[in-house]
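K.L.:
Each chain, letter by letter, is given below.
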Amino acid sequence: MDLSSFIYTLFSEYGIFTFVAPFLLVFSLLYGSLRKTGLFGRDNPNKEKLYAIISIAIAFYYLYNISDVIFTSNFISFFFFEVLVIFFILMIIALLAGISEPYKGDEEFERYKQYSHNVAVGLITLTVLFAFLYASSTDFNGFGASAQNIIIEIMLTLIYTGLLPLLIIIGFVIAAIYWVYHKEERPKKKRKPIKIIKAAGEVPFIFVENTSDRK
Amino acid sequence: MITTSQLPQINFNLVNFNQLLSQYGFIDFVLPFLLIFSLVFMILELSNLLKTSPDDNVGRKLNALFSLGFALLSIYNQNLVRWLLSFIPNATIAIIGFTLIVIVLTITNKKIPSWLRGLFALLVVGIILWLAINSLIIINPSAGSSQLASLLSYTLNYLMQSGILALLIVFLLIFLVLMWIAGGGEKKEERGEEKRGGPIILRSR
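Protein chains in written order, with the numbering used here: chain A, 88 to 302; chain B, 39 to 243.
A few of these clues could be false.
Stated by the list, open to error - Examples of chain A residues toward chain B, derived with CB under 7 Å:
| no. | residue |
| --- | --- |
| 1 | 160 |
| 2 | 190 |
| 3 | 260 |
| 4 | 269 |
Source of the hints: derived by calculation from the structure; they are not laboratory data. Glycine included, each C-beta is placed from N, C-alpha and C at the ideal position.
Working from the sequences, and respecting the hints, build out all of it.
P.N.:
Given below as structure tokens:
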């Protein structure tokens with residue numbers, strides 16, 4: 088057995104992975120949140136002790152269910168991987184930002200840029216959902232199973248009751264009606280795909296600027 | 039004449055160094071721990087999530103504890119270590135490649151034109167995402183056999199076998215044709231307006 092496997096086994100045996108690490112994670116998170124929000128008042132002399140006791144109690148309750156701990160491990164590890172991917176993208180974009188000038192477009196371009204920025208923020212928020220789905224798919228017997236079952240049950244009900252094709256057709260009809268009425272209300276404006284692509288490309292640079300401006 | 043077989047053999051055991059690092063848990067344990075801990079700690083410090091004020095020492099210690107717990111718990115999932123081993127070397131090559139582009143452009147004293155900047159950014163995002171997905175698939179080929187994936191394939195099979203998918207495609211085609219026909223007139227009108235709004239000399243002819 089090499090040293091890395093030995094360390095891993097040792098840490099597992101002594102509960103570093105299943106007890107110490109999750110305890111530190113949950114305790115610091117709860118204690119920090121309680122301190123920050125000041126839930127029991129700012130002038131209370133015993134508030135720190137109360138925060139500590141509450142955080143310890145909740146952290147131990149959390150540790151009681153080992154499958155939740157394993158789920159958390161999968162959840163945060165995948166999330167970290169996603170953060171690392173974003174980090175690599177931002178590193179390269181920061182390199183390119185130094186030797187290029189921002190595209191100065193018209194009002195329409197600025198609007199597209201704002202839309203793209205909002206979409207990118209939404210996608211980055213979705214990384215948490217992807218991490219949750221990964222953790223659910225790897226942990227069939229634990230916490231993830233119940234989360235998956237809900238989605239599966241909904242889909243199977245839709246298929247077996249024949250609601251799925253009905254919903255799709257209704258969706259098409261609604262889309263067609265909306266399209267017809269939408270055109271009458273608003274004057275048609277020609278969209279320029281090149282502008283949309285350029286606006287989408289400007290978004291990572293905005294992220295780099297925002298991050299580097301932070302103090 | 040000396041042939042290649044007669045040349046003295048020099049053995050560079052490059053693998054041994056890596057093996058040595060792996061053996062002592064440097065690659066599997068120390069490196070991922072340092073990377074995760076520092077990144078998470080940096081993000082927490084930037085966001086001031088657990089701090090009451092920027093100079094809050096207790097908040098900083100809590101950030102450190104949270105990062106410690108996060109790093110240890112992440113390493114517990116050994117798949118992460120494999121993803122990192124697969125992703126980081128390839129992504130670093132991408133960084134080197136783009137750095138070389140930057141160096142070359144710095145030598146020529148040329149900047150990336152503003153219209154090309156966005157496309158470069160999209161290229162970077164595409165390459166890094168592709169590398170990330172690749173490393174996930176290579177390391178965990180059973181990812182596609184999860185319950186959710188099988189449910190999706192089941193739904194797709196159902197749509198195909200019941201003929202609904204074909205129906206949907208036909209509907210979609212009809213819809214696209216309708217849009218094309220209905221949208222064509224306005225384009226012509228716009229063009230007409232453009233022509234009408236041209237120079238007076240041209241209009242008078």
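K.L.:
Each hint should be assessed against the structure and marked as holding or not.
P.N.:
Cross-check of the supplied hints:
1. 160: Since the shortest Cβ distance to chain B is 4 Å, the answer is holds.
2. 190: 4 Å, holds
3. 260: Hint violated; residue 260 of chain A Cβ to chain B Cβ min 10 Å, cut 7 Å.
4. 269: Because about 12 Å separates residue 269 of chain A from the closest Cβ in chain B, which is outside the 7 Å limit, the hint is violated.
When each numbered hint is compared with the structure, violations occur for hints 3 and 4.
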